[in-house]
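Taking the hints as your guide, dock the two standalone chains into a single complex.
Line by line, the protein sequences give chains A and B. Going by our numbering, the first sequence opens with residue 751, and the numbers climb by one from there. Going by our numbering, the second sequence opens with residue 1278, and the numbers climb by one from there.
Everything labelled a hint here was simulated from the structure, so no lab data went into it. No experiment lies behind these values; they were computed from the predicted model shown. Even glycine gets a Cβ: it sits at the ideal position worked out from N, Cα and C. Mixed in with the good hints, there may be bad ones.
[What the hints assert, rightly or not] So the derived list for chain A, only partly shown, Cβ under 7 angstroms to chain B, looks like this:
hint, residue
1, C865
2, G869
3, V918
4, L925
5, A928
6, G929
7, M933
8, G937
9, L941
[Said to hold, decoys possible] Stretches of chain A that chain B covers, calculated by requiring three or more beta carbons in the stretch to come under 8 angstroms of a beta carbon on chain B:
hint, segment
10, 766 to 775
11, 816 to 829
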Amino acid sequence: MPEQGLGSIFLNACLINNFVLAYFLGLCPFLGVSNRLETATRMGAAVSFVMLVASVCAFGIERVLVAIDAPYLRLISFIVVIASTVQLVEMFIRKTSPTLFRSLGIFLPLITTNCAILGLALFQTNKGYSFSQSIAYALGAGAGFTLALVLMAGLREKLDLAPVPDPVRGTALALVLAGILSMAFMGFAGLGV
Amino acid sequence: MNTEDFWKGLWRENPIFVQVLGMCPALAVSNTARNALAMGLATLFVLVASNAAVALLRNFVPKQVRIATYILVIATFVTIVDYTIQAISLELHRALGAFISLIVVNCLILGRAEAFASRNSIGRSVLDGAGMGLGFTLALLSLGAVREILGSGSLFGVALFHADFQPWVIMLLPSGGFFTLAAWLMLFGRWRAPDA
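Chain B with its partners taken away, still in its complex shape (with noise of 0.2 angstroms):
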């Protein structure tokens, strides 16, 4: 068991911030924390998921309909989990919307599928699914936290500033998300960039 598979994801091959993969949901639901690490969550739970089975599946496919076969093995798990956040909170489901099903067409799942698991072992495949998710949920967070840190002056739902702070309604609007992404790539792009 190598555990190197679950790292990567976390950091080197982090999804959003190295790879720039499934940014839609990303930016499309990060305007608070809690939605932020909701949609992670979620992510997280359907790569697992379709990892574990399409590395299960991975000798039976034929190699013509394989991407076919994946997208219906996701599409299963996304159905389930979309069903599961309804029942648990139907507030929570209102405010992720359709973003919820849309985790069909993240391209990070595919991507994992094609790249990682139709290609390994089952348990070197929900590693590297538990890790690519956690990544991303980590990722998400971090957009969904500044966004809210600064866009209502909370975090979480709890309050950090006194009733006179000014949030930046800018961050909660769509601009906002590009603005924080744009920023944390600058970032990270400055720390891994060679000592110029």
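If we strip away everything but chain A, and leave its shape as in the complex, we get (with noise of 0.2 angstroms):
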């Protein structure tokens, strides 16, 4: 594959092929906690950390597996790499700040089943990305999934004091939300980077 630049491989991860948007991972979160402004931006901010340290591990995880001939054990071996992360990750911000801690609740053990994590593990071993590009890569998915998180968040404030036929009030109105927003998105595909 041609030599892309840190820049737009950002980019693209970010808005062109947002991980939301247009490869529907992280849908659980991206439905289950854009409730509320305060809260989105929070569970934005722990993906996209864990996002980085995944990226980081699964890059060596990769080198080692290659290196011992076993490829079919990089799936078990990432998701008990990024178990493992998102348990630290628990331990650190109760430690640091329990404010935090409470406010992300049952969200932060969830964030293990997030697909968006596992998915960008296996993206950037599948593009063969080089150390740097694969940070770029983690830090665009991070940036892309918080966008849509907030985006999502503020569109649904406002939705709730709307008048709303009963069948259609829940998920399948986020659902519809969510469509609009991806029809959006497409629209960076004219960026061509």
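Next comes the structure, spelled out in structure tokens:
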């Protein structure tokens, strides 16, 4: 594959191939945590951080797996590393900021089963990114996830006040919103990076 | 043997339409009916196998490490499925891409392991897994069929319309997936809602 600049990898992961709106990764927190703007921002930050750590770890593991010729262990080792990273982050936040810990609550352990993180680790491996490219990719994906989550939360806060027929309220309406957002993000494909 | 364990997954507690679990793969690979069916069957297998394994292990696993154990069990079965699909049809494997591996983090599977298989016998857990898996497959098919019929004018690759049919490209794009699922949810929401 041609050598891609770090900036274009970042923009690509953040806007053009946004993880939530183009790859459908991380939909559960996207729909579950996007009720309030404040929680959405914090969740975005936590996920971005775990993404960065997971990306660095995945890069290291892939090197080891290639060295010992055991690619079939990839999936299992990735998920174990992600789960332990999330556990570490959880312990760290609990020690340093109990307030943040309480406000994130159940969502923190749930980051383990956030497909965006495992997806990031798998995609960067499939694309054969170098170390710095992986970091740019992880930063872009994290920024894109946060952006989508915050946009969605802002829209949903407004929608709470709108008169909506009963069967549509809730998930169905959130999905329509996500569809429209996704159409808007398709416009970024014209950036051509 | 209680058949209710099986039937509830099909309709009353359907994973996609009622519980809204496991949507990432549901939306990502449902652009054709064939991909949707393959994804549904792969998930069905993993769900039944992991439910059985978790039910077998339920009395031996310490409570603190249970989630990690479940994830390891699931990841093992997903690796098996991944390599099996690769062996059967390389083309299908390319079409589904990383989403086969991502079955590991399908919240539906971990959810059933934690909520059902960890406290019920093997027989009931297998039935539960089969019902949920089948419900998931049906839901995926109904998404994939709508998107393929409108987006490419065909079903399972068989053309349905005249050559001058203008396909709705939007249905194949990500936003089409969101809209189709939203439409199904609204339809079922209307159906379930008591007459107002």
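Problem - Closest C-beta approach of A/C865 to chain B relative to 7 angstroms, hint status - result: holds, 4 angstroms
Exercise for the section: Mind checking the CB of A/M933 against every CB in chain B and telling me if the closest is under 7 angstroms? Expected result: holds, 5 angstroms
Practice task
Closer than 7 angstroms between Cβ atoms is the bar; does A/G869 clear it against chain B? Give me holds or violated.
Solution key: Nearest chain B Cβ about 6 angstroms off; hint holds.
Handout entry: A/G929 as an interface hint toward chain B, with CB separation required under 7 angstroms
Key = Since chain B brings a Cβ to about 3 angstroms from A/G929, closer than 7 angstroms, the hint holds.
Practice task
Grab the minimum C-beta distance from A/V918 to chain B and call the hint holds if it beats 7 angstroms, violated otherwise.
Solution key: Holds - the Cβ of A/V918 comes within 7 angstroms of chain B, reaching about 5 angstroms at its closest.
Problem - Restraint satisfaction for A/G937 [CB to CB of chain B, less than 7 angstroms] - result: At about 12 angstroms, which exceeds the 7 angstroms cut-off, the nearest Cβ of chain B leaves the hint on A/G937 violated.
Problem - Residues of the segment 766 to 775 of chain A with Cβ under 8 angstroms from chain B, three needed, outcome - result: holds (count 5)
Problem - Cut-off 7 angstroms, beta-carbon criterion: hint that A/L941 touches chain B - result: Constraint on A/L941 not satisfied, violated at 17 angstroms.
Exercise for the section: Classify the hint on A/A928 as holds or violated, based on whether any CB of chain B lies nearer than 7 angstroms to its CB. Expected result: Given a least distance of 5 angstroms, the restraint on A/A928 holds.
Exercise for the section: Examine the segment 816 to 829 of chain A for residues whose CB is less than 8 angstroms from any CB of chain B, and state whether their number is three or more. Expected result: Three-residue rule met by the segment 816 to 829 of chain A, so holds; n is 4.
Exercise for the section: Answer holds if the nearest beta-carbon of chain B is closer than 7 angstroms to that of A/L925; otherwise answer violated. Expected result: holds, 4 angstroms
Violation of the numbered hints given earlier is confined to hints 8 and 9; the remaining hints are satisfied by the structure.
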